[in-house]
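Please construct the entire structure, taking both the sequences and the accompanying hints into account.
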Amino acid sequence: MGLVQEMGARALQLGIPLSVQLDLTYRCNERCIHCYLDHEDHGEMSTDEIKDLLDQLAAAGVFFLNLSGGEIFMRQDFFEILEHARKLQFSVKLKTNAVMIRAAKAKRIAELAVESVQISLYSHKPEVHDEITKLPGSFKRTMEGARLLKSHGVKVSFANVLMKHNVNDYPEVQALAAELGVGYNVDATITPMMDGDRSILALNVDSTMLENVFHDPSLTGGSSDSFCAPPSGPLSIEDAYATLPCSAGHTACYVSPYGDVYPCVQFPFLVGNIRQQKFIDIWRESPQLQEVRSISVGDLQGCSSCVHGGSCSRCPGLAYMEGNMKGPSVQDCEKSYARTGVPSHNLLRKQAEAMTHPLALNIIEDASVRPGIPFVLVA
Amino acid sequence: MNNRTYIARATDVAARMIGDELMIMSGKNSSLFSLNETAAILWQAADGITPLDDIVEQKLCAEFEIDAATALKDAEAMVIELAEFGILQVSESPLSDSKPPAGA
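Chains as they are written, first to last, in my numbering: chain A, 1 to 379; chain B, 1 to 104.
If you're looking for bench data, these hints aren't it; they were derived computationally from the structure. Bear in mind the structure is a predicted one, so any value in this text is a computation, not a measurement. Backbone N, C-alpha and C define an ideal beta-carbon position, used for all residues, glycine too. Mixed in with the good hints, there may be bad ones.
[Said to hold, decoys possible] With the Cβ distance kept under 10 Å, some of the chain B side facing chain A (calculated, not the full set):
| no. | residue |
| --- | --- |
| 1 | A8 |
| 2 | R9 |
| 3 | V13 |
| 4 | M17 |
| 5 | I18 |
| 6 | E21 |
| 7 | M23 |
| 8 | G27 |
| 9 | S31 |
| 10 | F33 |
| 11 | N36 |
| 12 | T38 |
| 13 | I41 |
| 14 | K59 |
| 15 | L95 |
And the structure:
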């Protein structure tokens, strides 16, 4: 076990929130078509509130602090916040579209020893990128920001969310990253809106393309064979009850611009608000967090006996948004199927349900159906 | 080391106590270090102004009931190692650690 894993295990044992994502604002200078956020300002935290929160997070043991949004540079006080975070010795990562980064900002980010900056890039074609961001000229400015950061020695990576509009472009985006000497991460998950609206899931790539992505060795580090191998079977009962679904709520959590605390940015189950309670009290005593922490893989309905066992990427947050935090996440069932060709327990169950009433109208409430997945039927 | 030695925490690191271990991540290459109790005491006391021998006497000798000469010799070896990892600065003259990270 490496030192990072050891640190995580120790934090879990001690109940320490090792990692927090803090969204500074939901305001943004772009309007990405796949974005799950409401960009209006409904009363975001003030500078002093955020600095006080950072003090609390440091005292609670938080080591990794991810600052995101919205767009972080929409906040006029961003560097005041970042300087305070670095004085508190957080390992800080930034997520940004880099549109507003010029030489002065790049220099300050480097001087403040930010661990890394993740930049959203959707295509190597300006017209495709700009069509997704809805900000004309954004590709050019994003690339300029990335180059400036890189020139100042900042570790940069491109985050390439895949959707129908750009799925064929990822090899060239990857090549662009290599040319610049920056990292590259691809994500084929479109997240539902935080208010529950699932209509943007229609932007998801279809199953054939998803399968191609998962089988691309350039994305799996050459380990497609193992990544796409048939699942090894469900976990033993003992292992299932000893395995946690993920770190959300255990060693990680998310804080919104309004002080709302959630297990994860993708898990909109409100567990407290730091405007009403101290962070450490929420972390230690929130009944909602206790509920999340009580769930092991063994408690998951259907998933605990699924053939994909411990190799599934099931997200508890996506499952929660589909109606049951102990239930399956259809989006992850689809990924497991696209990856291995083996349907999950959940997909098989839905197929059996549909076959039981072949002529009845059967609306699958949680369908994020990608064309090509044969097992979720609407008759 | 014949002259007095001064040590200061590197400002480009991330650091946090996780239980009784001090975890430090280097700002240069993101290497992660776990400092034992002695190293943690030295690192936390490294204000750039207090000489190392004073730190050893005040923080280590009192805490661990060891003789100053032995403790100083061990501490000197330890700070050199921490400096090689880039998480500590070592100098024969005072270093200013009181200023915040550059850009403030």
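Exercise for review: State the violated hints by number, sorted upward, taking the hints as numbered earlier in the document.
Suggested key: 1, 11, 12, 13, 14, 15
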